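Trainee: Read off the chains here:
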Amino acid sequence: MSLIIKNLHARVVGGQTILNGLNLEIEKGRIHAVMGPNGSGKSTLSKVIAGHPDYEVTAGDILMDGKSILGMEPDARSRAGLFLAFQYPMEIPGVSNANFIRAALSARLAEGEELEATEYYADLYEQMDRLEIPRNFTSRSVNDGFSGGEKKRNEVLQMAMLKPTYAILDETDSGLDIDALKIVSAGVNALRSPDFGALVITHYQRLLDYITPDYVHVLVGGKIVHSGGPELALELESKGYDWIREEMAEPALA
Amino acid sequence: MSNALLPFEPSPESSLLPAWFRDQQHAAARRYESLPSPTRRDEFWRFTNLKALDLQDFAPARPLSKDAAQELAERSIGVEDSVASLVFANDCLVSIKTPAALPKGVLVLPLAEALDRHADLVKDHFMREEGVLGAEKFSALHRSSIRNGTFVYVPKGIRIEAPLQTFHWLAGASQAVFPHTLIIAEENSAVTFLDWFQSADNSRGLGCGVNDLWVSKNSTVRYLAVQQWGREVTSLHSNTTQVAEGGSATSLAMHLGGRFSRSESVSHLNGQGGRSDMLAITVSDGEQEFDQRTLQDHQAPHTGSDLLYKNALYDTAKTIFSGLIRVGQQAHHTDAYQKVRNLVLSDEAEANSMPGLEILADQVRCSHGATTGEINPEELFYMQARGICKKDAYGLITFGFLNEVLERLADDTVRAKLQSTLQARLQGH
Numbered sequence: 273m274s275l276i277i278k279n280l281h282a283r284v285v286g287g288q289t290i291l292n293g294l295n296l297e298i299e300k301g302r303i304h305a306v307m308g309p310n311g312s313g314k315s316t317l318s319k320v321i322a323g324h325p326d327y328e329v330t331a332g333d334i335l336m337d338g339k340s341i342l343g344m345e346p347d348a349r350s351r352a353g354l355f356l357a358f359q360y361p362m363e364i365p366g367v368s369n370a371n372f373i374r375a376a377l378s379a380r381l382a383e384g385e386e387l388e389a390t391e392y393y394a395d396l397y398e399q400m401d402r403l404e405i406p407r408n409f410t411s412r413s414v415n416d417g418f419s420g421g422e423k424k425r426n427e428v429l430q431m432a433m434l435k436p437t438y439a440i441l442d443e444t445d446s447g448l449d450i451d452a453l454k455i456v457s458a459g460v461n462a463l464r465s466p467d468f469g470a471l472v473i474t475h476y477q478r479l480l481d482y483i484t485p486d487y488v489h490v491l492v493g494g495k496i497v498h499s500g501g502p503e504l505a506l507e508l509e510s511k512g513y514d515w516i517r518e519e520m521a522e523p524a525l526a
Numbered sequence: 524m525s526n527a528l529l530p531f532e533p534s535p536e537s538s539l540l541p542a543w544f545r546d547q548q549h550a551a552a553r554r555y556e557s558l559p560s561p562t563r564r565d566e567f568w569r570f571t572n573l574k575a576l577d578l579q580d581f582a583p584a585r586p587l588s589k590d591a592a593q594e595l596a597e598r599s600i601g602v603e604d605s606v607a608s609l610v611f612a613n614d615c616l617v618s619i620k621t622p623a624a625l626p627k628g629v630l631v632l633p634l635a636e637a638l639d640r641h642a643d644l645v646k647d648h649f650m651r652e653e654g655v656l657g658a659e660k661f662s663a664l665h666r667s668s669i670r671n672g673t674f675v676y677v678p679k680g681i682r683i684e685a686p687l688q689t690f691h692w693l694a695g696a697s698q699a700v701f702p703h704t705l706i707i708a709e710e711n712s713a714v715t716f717l718d719w720f721q722s723a724d725n726s727r728g729l730g731c732g733v734n735d736l737w738v739s740k741n742s743t744v745r746y747l748a749v750q751q752w753g754r755e756v757t758s759l760h761s762n763t764t765q766v767a768e769g770g771s772a773t774s775l776a777m778h779l780g781g782r783f784s785r786s787e788s789v790s791h792l793n794g795q796g797g798r799s800d801m802l803a804i805t806v807s808d809g810e811q812e813f814d815q816r817t818l819q820d821h822q823a824p825h826t827g828s829d830l831l832y833k834n835a836l837y838d839t840a841k842t843i844f845s846g847l848i849r850v851g852q853q854a855h856h857t858d859a860y861q862k863v864r865n866l867v868l869s870d871e872a873e874a875n876s877m878p879g880l881e882i883l884a885d886q887v888r889c890s891h892g893a894t895t896g897e898i899n900p901e902e903l904f905y906m907q908a909r910g911i912c913k914k915d916a917y918g919l920i921t922f923g924f925l926n927e928v929l930e931r932l933a934d935d936t937v938r939a940k941l942q943s944t945l946q947a948r949l950q951g952h
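As they're listed, the protein sequences go chains A and B.
Reminder that position 106 of the first sequence reads as 378 in our numbering, one-by-one numbering, no gaps.
Reminder that position 212 of the second sequence reads as 735 in our numbering, one-by-one numbering, no gaps.
Hints were generated in silico from the structure; no laboratory data involved.
Just so we're clear, the structure is a prediction, and the values are computed from it rather than from any experiment.
C-beta: ideal position from N, C-alpha, C; glycine also.
Accuracy of the hints is not assured; some may be wrong.
In silico BS3-like cross-links for lysine-lysine, where the CA-CA straight-line distance does not exceed 27 Å [stated by the list, open to error]:
1) B/627 to A/423
2) B/862 to A/339
3) B/913 to A/423
4) A/435 to B/914
Here chain A is said to cover these stretches of chain B; the calculated rule only asks that three of the stretch's residues, wherever they fall, bring their Cβ under 8 Å from a Cβ of chain A [unchecked claim]:
5) 725-739
6) 898-909
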């Protein structure tokens, strides 16, 4: 079982094509990292998988455990087991974190079923403690006035609460100092299991010191141009992306 | 508009009111009849749907049967930790409950009784100012027609932590009620009071209410009004606050019901260091119209006022906000803020905002602003990406938008009650 991205072409609605035949398979139990220079399509990839309405898929497919999710609304994708940790989480004034997460969990229940409040808070506090989030966080508005680090911790907290099958982490390391990075990474690592697959999108190798990927892919010009093991990330860190671009430019030999 | 509404009918209840008060009422009735009806040329009535002010079909509400009144009393829950609860149905007192003894000297009485037993206190404070934002005629109507209401007096140094509350029920077709609340907080006292305006049925009706808050030196008054009249009710309401030196007033109105609702709110900052927070939430849908006029009147140095009005508009609803910050010559070092925010959830809804400033003093900090916007699609996507469907996401974001006003309340129980009232109002959208 896996999340399969098959020959994906996507563009901004009515605009420029950004993804050009991207192929990727994220198996349960595996963590894949996608790295790439600015403008290569990293964030577009995460938004297209989650179903952002600003983008349209012009060819290809995204299959979750064998089923295409392209016709599904973003909320249906989420309820089916997909999670996107945002690079820039939105601030929602007046809605408390506790109510927000409760609403997300309630959306997964059958009609007429209600979330059991005591269990909910027990679970919430346990996950918060793991991420070193203070208790007053529950009554604060979603991401409102949060530091970059707090926002990213909140993303990982939501992920831990919603227990997705597949998670896309979009530059979760950006805006984090080293301590926050360690905490957030520990939160992600805690979710590692044979029933969980993740796609970690990052610009820097630093995050991969803490979340060791099984595979590393290089995204350039809207498609995966190179794949390898964790060592590829180190190579990219020391050599940059130019050598890959040069390799691509070389004529293919017979 | 016609003046066919008979503003003052001698009724069994009113004949019990003291003669001096009835004389005032007769004079007010004559004033009501002689004052001109508002026109749209009048700045105070700009954009207002004046047809809504045709009151000729209404008559002072008839008392309900004992059983009907009792049933309404049972439906009057409000905040559960309240230390005094009054219930009026069609302006007749149904019940008054004080679960625990109030501190010595505190008075929580039906106004009719206070007129009798504390005439001097009432005379000094009752409707000292009438309709300065346009509703002069309707203030006269109120004064002429009032039969009862709530009178709260908190003596010097007494701070009541738990809230007091009153329910005003309107029942039956074409009935008019005239709810009144008078709160006098003496030096260093504190009190929190809630007014609930509710309909027993879906009939047309008129609610024409007034409340006066007297905030003495270093005292704190929090006044909360929940207007949830039925959908066919015309609501006219005036709130006047007088803040003395070092006093602090918070008034918060939730405008949820009615067909046409006009509310005027005035805060006079008369003493140095006085402060007034003027808050309002409006949820408007269908063909509802909410017309809100405000005045932040700074007449003493180092005074502060902070106004935050938030409106959510669905369907073909219409809102009007017109507010003025006036800083008098003596009011140096004033801090005054005025913010109106409209969340428009339908292409056919209409939000009008007219903020204003008039500054005659030096060294003041004033700002005002009005914004009108829609739901941010990125917020919507964020919620959807967590599995929350579009409809629920709209509801949550709208709730959050309005809840920012409730977050300014310090009292957890009151805030929680108002939050659940708001949530219930947003259900179905």
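Trainee: Can you give the numbers of the hints that this structure goes against, from lowest to highest?
Mentor: Of the numbered hints given earlier, those the structure breaks are 1, 2, 5, listed in rising order.
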